[in-house]
Structures are given as structure tokens and as C-alpha cells.
Amino acid sequence: MNNEKWSEICFLLSDSVKPDISENAFEKNIIQALRVLNWKQFLNDFDIRPSFQVGASNRITPDFVIKSVDQNKLFVIEIKQPNIPLNSNFQQQLFSYMRYLKLEYGILIGQSIQIFYDGDLVKQEDPILLETIKFEHNNERGIAFVELFDKENFDKEALKDFTLKSLSKINLKQDFKELTNKIVSDDFIERLNELIKQDFISEYDGELIDSVLAELRIAIFEKNLININSNSLNKQHSNLELLNSSRTLENIYDKDYTKYFFKGQTLGKNRLVLAVIKNYIDKNPNTTFSQLKSRFPDSLQGQETFTTENAAKLKKSRRNFIKSNELIPLADETIAVSTQWGVFNIKIFIEHCRQMNIDIKIAQ
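Take the sequence shown: its letters are residues 1 to 364, numbered as in this note's numbering.
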């Protein structure tokens, strides 16, 4: 039964909807979909665009406020034209209605259905997105939506259970992301070096192992961040193609030896970054560590554009410029610029510099 109801909702809110439908016309489809869920206008189950006074001169007008038999407000619905992607502005509009009406649940309907929760089960400034449901027949999330929000089955305890399960999934995703970030971090790579050394220490001299590791580069990256065109990978691995990468990953098979011209010097990638930051501090000698981070954030490099001298020297493998003439004194710290710059992230750095009116040219 719920499967059939969800299919009808898909038909009303997606299959039968014209691409250029207006929001007013779409509202009629919403009313029909609410009837499928047994919320009926003639029974006063919901108000359409009710107006509420906010302060002395402002008013808010949510699209739908769903009510119980005793006329208590249950949840609010905001609708948008299906041809416009749901965005944060629409969400903030819904949030304002939820907060004003003191409702734990809000639903945003447009290209999909989004369910938001704003209650004591979470501690954050904005309501949290529990579920996004696409208008696809036999969508299990859609069928669950029908079960939860059908008037005949509507139950606050069932909603609470759904919320707890959704929050658990969200926390699992956050934990997954956190662990992934830890594994791909420089700190973990340094730990891997130590594990390799421990594995071979009974067979080889420690200094020899350190010398070998110094000539190797170990990299861990997420599989879904790169696509490798295996057909173009020849025996010499000279054409390893990195596509759609949003992270720094140096192509270790096909070295790029591009040089850059800055302030009368011809420089390689990492020396260019060092020179640019040194030049910036020469012009702005009172810059603090946090201020410099805001001007040259870590996102330019991928993990760390620069760090403090002490932090850099504590690393077991050299990944920063730490010689005395390479260190850069700031107003409150001395910093060591990262040496880890490759084909991808140097482009991001140079583009960022151009936005700061810092002139960098490719050496001919």
C-alpha cells in the first residue's frame, strides 16, 4: 500500500510535472500529494500560506503548516519550483519557519524531498538534514517517508526513532571521513615509515633503511578522487593520467619540470611558493601566523601550505623548508613552508596569487 502511495506521489510531484511549472501551479500538486497521505484541506488538516506576525512590521508566510486533529502544529512544508535545484537559501527560509513556529520537523519539496530536524537530539546552530529522497518509483526512502508522514500512521515516537537512526548514519559518515583524513595525512605517512623501518631493522642497518626511505615517496589517496586511464599506461608508466582530482597528487611517473618567473628569479614549484610567501612577509612584516593562514590557506597545498618551525622540525621526514635561510619569521611565529608542491596544487596556488595581484609567469 505504501509502495503504491509513493508511486502516486512520484507521479504527482515529478512524472506529470512540466519543466516550466510555476510554484503556484506546483502547489496544487502538493495538495493532491497531501491527500494521498490523507491530509485533507476540507478537514482543516493544514493551512496554506498562513501569515504570522514577526516583530512590529514583518510577517512570515510558510507554504504549508500541517496540523493535528486538535489543531496543534506538527510540521511545516516549504515548496520550490522543481526546475530549480534545492539550495542553502531555500533551506534557510525553511529553517526560519521551523524556528519561529518551534517545530522540530520541516520538509522542503522541489526536485526532491528533504527532511530536516531541529530538536534536542542534536546540538548545532541550524536544523540538520536527515534525508534527501529522490522521486524514484520503488525508492525505499520514499516508501519509508509515506509510512512516517501518512496522517493515519503519524506518530511522534516513530519520527523520533527515524531521527535517531538517521543521526546514527550521519555520525557514521562523519567518522568514516575523519578516519580517512587521518590515514591520508602526513602524520600517518610518517608512522608508516617507522613501521617499515621496524619491519626491516632485524635484517638491515638502521641508517641504511633511513637512506632508502629518504629516496622513496609513500602516498595514500582516496580511490574515488582519481581515474586512471589504464589504456594509456605504457610499460614505462609515462602517461599516468589523473582526471577529476580535487586533491594534490604528484604524477610520480611523468615529472613536470616547469619553471616559473617571479621577482627576477627563475624557480621550481616549491621554491616559487617559498619566494612568494617570503616576499609577502617582506611587504607585511607585522603579519601573524593566523593572518598568514587566512591569506595562504592550507587548501592551496591540499594539507599544509606552511607550519611552525617547531612543528616542521618534529617531523621524521623532511616536508618543509627548515634551513635557517629558508625559515620565515612572522610577528608571533617562525614558519616553515611546505616543500610538497606538484603539477596540480601549484596551479591552485598560482591562481590564488593572481587574485591577490601577485605576478607569476611561466619561464620560457
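These are calculated hints, taken from the structure and not from any lab test.
In this text, a Cβ means the ideal position worked out from N, Cα and C, and glycines have one as well.
Mixed in with the good hints, there may be bad ones.
Okay, derived cross-link-like pairs now, SDA-like style, lysine to any residue, Cα gap no bigger than 20 Å in a straight line [unchecked claim]:
id	residue 1	residue 2
1	K293	S202
2	K5	K28
3	K169	L148
Label-pair restraints from in silico Cβ distances [said to hold, decoys possible]:
id	residue 1	residue 2	range
4	A56	N87	29 to 35 Å
5	T61	K165	30 to 36 Å
6	K259	N181	31 to 37 Å
7	S294	K197	36 to 42 Å
8	K316	S88	51 to 57 Å
9	F52	N181	40 to 46 Å
10	G55	M1	51 to 57 Å
Results of checking the hints against the structure:
no., hint, verdict
1, K293 with S202, "violated, 43 Å"
2, K5 with K28, "holds, 17 Å"
3, K169 with L148, "holds, 18 Å"
4, A56 with N87: 29 to 35 Å, "holds, 30 Å"
5, T61 with K165: 30 to 36 Å, "holds, 33 Å"
6, K259 with N181: 31 to 37 Å, "holds, 33 Å"
7, S294 with K197: 36 to 42 Å, "holds, 38 Å"
8, K316 with S88: 51 to 57 Å, "violated, 42 Å"
9, F52 with N181: 40 to 46 Å, "holds, 43 Å"
10, G55 with M1: 51 to 57 Å, "violated, 46 Å"
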